[in-house]
Every structure is written in C-alpha cells, then in structure tokens.
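Add chain B to chain A, keeping to what the hints say.
2 protein chains.
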Amino acid sequence: MPELRKDPVVGRWVIVATERARRPGEFVQQRVEPVDPAKDPFSERNEQYTPPEVFAFRDERSKPNGPGWQVRVVPNKFPALRVEGDLGKEGQGIYDKMNGVGAHEVIIETPNPLLQLEQQPIEGIARVIETYKIRMVDLLHDTRFRYVLVFRNFGPQAGANIPHPHSQLIATPVTPKRIKEKLAGAMQYYGYKERSIYEDILRQETKEGTRLVCENAGFVAFCPFASRFPFEVTIMPRRQSAYFQDIQPNEILLLADTLKLTLQKLAKALNQPQYNYIITTAPARYPRPGYWATIDQDFRWHIEILPRLTLIAGFEVGTGFYINPTPPEEAAKYLREIQI
Amino acid sequence: MPELRKDPVVGRWVIVATERARRPGEFVQQRVEPVDPAKDPFSERNEQYTPPEVFAFRDERSKPNGPGWQVRVVPNKFPALRVEGDLGKEGQGIYDKMNGVGAHEVIIETPNPLLQLEQQPIEGIARVIETYKIRMVDLLHDTRFRYVLVFRNFGPQAGANIPHPHSQLIATPVTPKRIKEKLAGAMQYYGYKERSIYEDILRQETKEGTRLVCENAGFVAFCPFASRFPFEVTIMPRRQSAYFQDIQPNEILLLADTLKLTLQKLAKALNQPQYNYIITTAPARYPRPGYWATIDQDFRWHIEILPRLTLIAGFEVGTGFYINPTPPEEAAKYLREIQI
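Here the protein sequences line up with chains A and B, keeping their order. For the first sequence, this note's numbering begins at 1 and goes up steadily by one. For the second sequence, this note's numbering begins at 341 and goes up steadily by one.
If we strip away everything but chain A, and leave its shape as in the complex, we get (with noise of 0.2 Å):
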C-alpha cells in the first residue's frame, strides 16, 4: 500500500511508494558532460569573460581579474535582477509589483574545471561554504534586500548551463514564499508543543537512524520522511541558529565534511546525478517583522539536496502535490551501506 505523508514543517502531503519502489540502477540519466577547458570562462586566465570578480580568496600577490585564485565570485553575466535602482513598489489595479531590484552572483568553486565540489579536500569546500557566508553578510547590509537565496545546479536538467563548477547567489527585496511557510509552520509547532520542530526532527531521526544518511559532530544528513522527490537528502546543524551566516569556522569545517560524504554517496549510488541544492535560512535580521519575534528559538537552517532523476511534472508544481517512487527510508538505507 503505498502511503500518505505529511510534510511536519509546511503541512504538505506526498505520496510515498512503498511497493514497486524505483531502485538507484532504474533511474535513466543523462550523463553530464565535462567541460572544454578552452570555451570555459569560469578557467583560470579566462577572467575576462566574466564581469569583474565582487569577491576572490586569491593568492597574496595576484591581482583581481587575474589569475592565482581559489574561489572566484562575479556578477552572473545575464541576471535575473538588478543590483541599481530603488524598489519602485506599486500597485497596478488589484495586482502588487516592485522593480527587479537584487542581486545575481556566480560563485566559481574552482579554477579547475573538472574538479566537482564533493572531489575537493575538505578545505576546499569550507572555502566554498565561507565563500557563501561572506557574500551573505555583505549583501545583507544592502537594506533593500530581504533574503539571500544560495544554490547549486549539477547539470544541465537541473538548470546549470557551464558545466564548471560553480553555485549561484540570488539577493532579493522579499522573502521567498516557501520560506514564508516554514517560518510560520516552525513558529506555530513551537507555539503549541513548546518544543522546536527541527529539534524534534533530528530526535528522531538520530534515534530510529532508518532515514539517517550520516552524522558527525555538527551534522545530521537524512533523507526526509516526506521527501517529495527520491534520493532527496536534508543536511542540519546540531546547534540551533536560524542563520546560515552565523555558522561558526568549526562548523564550516565539519558542513564541509557532511556535504563531501553526502554528494559523494549520491554521486556513488547514482552514478553521478544531476542536482540542486538549497541553503534554506532566515531572513535578514533588520528589519524583523514582529510575527517573526521568535525566529530564532522556531527556525533553523538546513540545506536540501534534491537529485533529479524524475521529471518535475507541472502537475506537481501546479497543485503541491507530489509522488515519490523511492521511500526514504530505502534511499538512505542505500546511501547509508554506500562505503566511500
């Protein structure tokens, strides 16, 4: 019988497959292509295809723009908003909008073109996530925008056109929707069990360890109970903080260290498949509304790794409903017996 799950923080359901469950080998997958080095303006030497760097970790003596960099970040060349102008909010009949006043940004994980981010050391991708952190804190001072989105497509079907490593960095003036609703499902969960639910949630999930991927001291990576989509993985810190930004070095180091396990197993259990994932946080600190007061004892931070290996059908996107052929309690049970 396959089963109805709810979704404990935004309250939605999703049909979980129990019998005829989809296996790692039954997924069809395009193979992502590597790069050619030459057409590549995210190489070392190719810094003058993209728009001046905002932000580089970079050798002592090197020069912006040029090459001797580790993690390079730079403006995306077609943004989806723009950084000038004020934000314009008006009405038009019944209908809301404001100018596409934010900020679109590239982060090149790499000068090495074929290095994906989970074949780096460890202090690699700790650059890469302080990388995020910095961009994060800059932009925030910027007080037109409510939210910095940070993410990573692996792939073309998951929407990543230059296939050198990289992640991208959305700055806007509001704070996305489905952030809306965790905020409000985490504050009203709190509200009536006094208790936090991402509390919960790694109380659980650490004791019946079915959906367990793997943990360390900072970290608990698990398939979530209703992942909507299979092979999906939710990384969490053990601390509460409803901050990205306020990650701490030690922990940079130990999310550098779930996040390398965790994409390596993905990697090894699916043969390399396309990706996004989503560092979900709070939204910026001031001004804070005041149905939000309690953000920092409700909410907590995480990051989602979503595989994609099945289409996203827009009925799915058009009702919110949707059907997930793996269980994740196989998925992680796979994942977890990958040895790396």
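Each hint should be verified, as a subset may be incorrect.
What the hints assert, rightly or not - DSS-like mimics (lysine-lysine), calculated; alpha carbons at most 25 Å apart, straight line:
| # | chain 1 | residue 1 | chain 2 | residue 2 |
| --- | --- | --- | --- | --- |
| 1 | B | Lys608 | A | Lys193 |
| 2 | A | Lys97 | B | Lys520 |
| 3 | A | Lys6 | B | Lys517 |
| 4 | A | Lys97 | B | Lys429 |
| 5 | B | Lys547 | B | Lys600 |
It should be emphasised that the hints constitute simulated quantities derived from the structure, not laboratory data.
Just chain B now, kept in the frame of chain A:
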C-alpha cells in the same frame, strides 16, 4: 528593468524578465512523436490491454470493454493510490501519515491515437469535459475522498508516457496544499475587500485587455499577471462557481470552445508545445470545514495551462521563487494575434 510581481491569490512573488524577453521561436523543444497504433493500449480494439472500464461514452449496442466508444475511463494500470482500504490515519513519532487510499483513473479522450484534444470538434471536447464532471461527481460520493485532481499531460517532458490523447484524475483523501492556499488567499481577500478576488481579476483583465487571449459568453482566457511560466494561460468562468462539477451543459460547450481555441493558439504559436493543464476546484462539499463556510462566495474554479518551455529547476520547487523569461503581456499579444 525586470519586474517582481505578486500572485494576488497565493502571494507568491515571480521575477518577470522584461528585457531580452524570450519569444516563441527561441524555446528549444522536443517534438512529440505520434504513437504506433499497433502498440497503443488506448486504441479501439486494444481494450484488453487496460483494466476494465469504469465509465464510457459508447454506441448504444456496443459492449463494455469492446469497440464502439468515444470516451473511455479506466483505472490507471500503475496507480499512485489504491482504491481499497480505510484511511488508517496515524502518527509515527512527530510525523503524520495515512494509507495511500484514493483513485487514479485515465480518461481516454478518443479512440483515434492521432487526434489531439484541440483537433477534436467542439462536441468531442465537450464530451471529455462532461466525463471529467461525471467522474468527479461519482468519486466524491465516496466519503473517504476530499479532492479530485483532474489533469492532462501532453508530451514526455510533461509526464505523459503514452502518446495516445488522454487525461488523468487522482482522487485523494486530503486537499492538496496549493488548493488550500488558494482558498485561504481568496477568503482573506473577500474578508478585506468584501469583493471576490476572481471577480476583480476578470474585471481588470477584460478591461485592460493586455493579457487577454480570448473570451466568449461563458469564459475568459488570459495570461496571469504573475505567470510563473512563459505562455501560461488561465481559463476562468464568468459565472461565480466554486465547484467545477456544477458546470451546466451550455457552459460545457462554451468551455470546450475556449479550451479548443486556446490550445490551438498555443499549438500554432509554439509548434505543439508539451504542456500540463490542471483543473483547480473546491474540495468535497461535505464535510465542509467551518473555516471554508464562505467558499461559494470566495473561491472560483479555473483551469491552468502550463506549457513546458523552460526547465523547472529544483531551485524553483525548493523556494517557490520562479523566474519567467517572457512577460505575460507579450505572450498574450502573440496568442491573440495568432489566426486559427
């Protein structure tokens, strides 16, 4: 300057590109291959390849599960939900689940494997719409079911595995989250404005005309102000009605006319694009939860047509934050000017 636009019902912000707008010819599309009639389980005289029919429009002397039908409804051979059993609602620690009880049916729209819905005469399309209504009414007699989701996938990227023209329905024991959000948004608007949001939308769309696709005495087709996808179209009845299944015979003909014209325009403008459409309607009338007591006044059923021209990135699913490269005003202008 790109624009941020807010969906007036559910409050989702969408980034709408206004420069470099993508025009119909610029979307790369996979052509949908026609079916091989010999291997087509939905063809006439292949009735034995489907589970026994639950409903059909057929010639007077024809026999169930034999030839001589115009529309045929059969259970899905690989259903996402099972009809038998009780709901078995229970907790599992902090999580909630229930048995995957429900119905999953296929509406075979014509015996002709090559006759797409928009190529049928008005009477043929009306027969398909009437079948939706008949199945919806029948399934909602089962008190376990709260919602009947009617949808049509066209093309493999849109989730259709069998090319023979068909729609599907899923009856579920829960109301999908996005339906709840629409009900809540519509109720909030009515509470604040003392007017129906759908009435206001129709008034503005028919008056401004910039996002209008086509209209007749019963229905209006328009590209919504905060379209998430290029060439997204909403079809809405002029008469206030929360429940699709309350549609009257003359309205069925008018809807068939609007649906035919809209799909023909999309097919011609975008070279037979893959798409999904979804009927959004109110949940089961009884038991009606107290907080939806005003549903008949607040909410209006409608159809959303979502062409699959761009990838749906996991990023967008994960955050509810959509980037639409074609302004709905340009899409609507293009569709209006297409001559059928």
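For this session: Quick one: which hint numbers does this structure break? Sort them smallest to largest.
Result: Result: hints 1 and 4 break, sorted rising.
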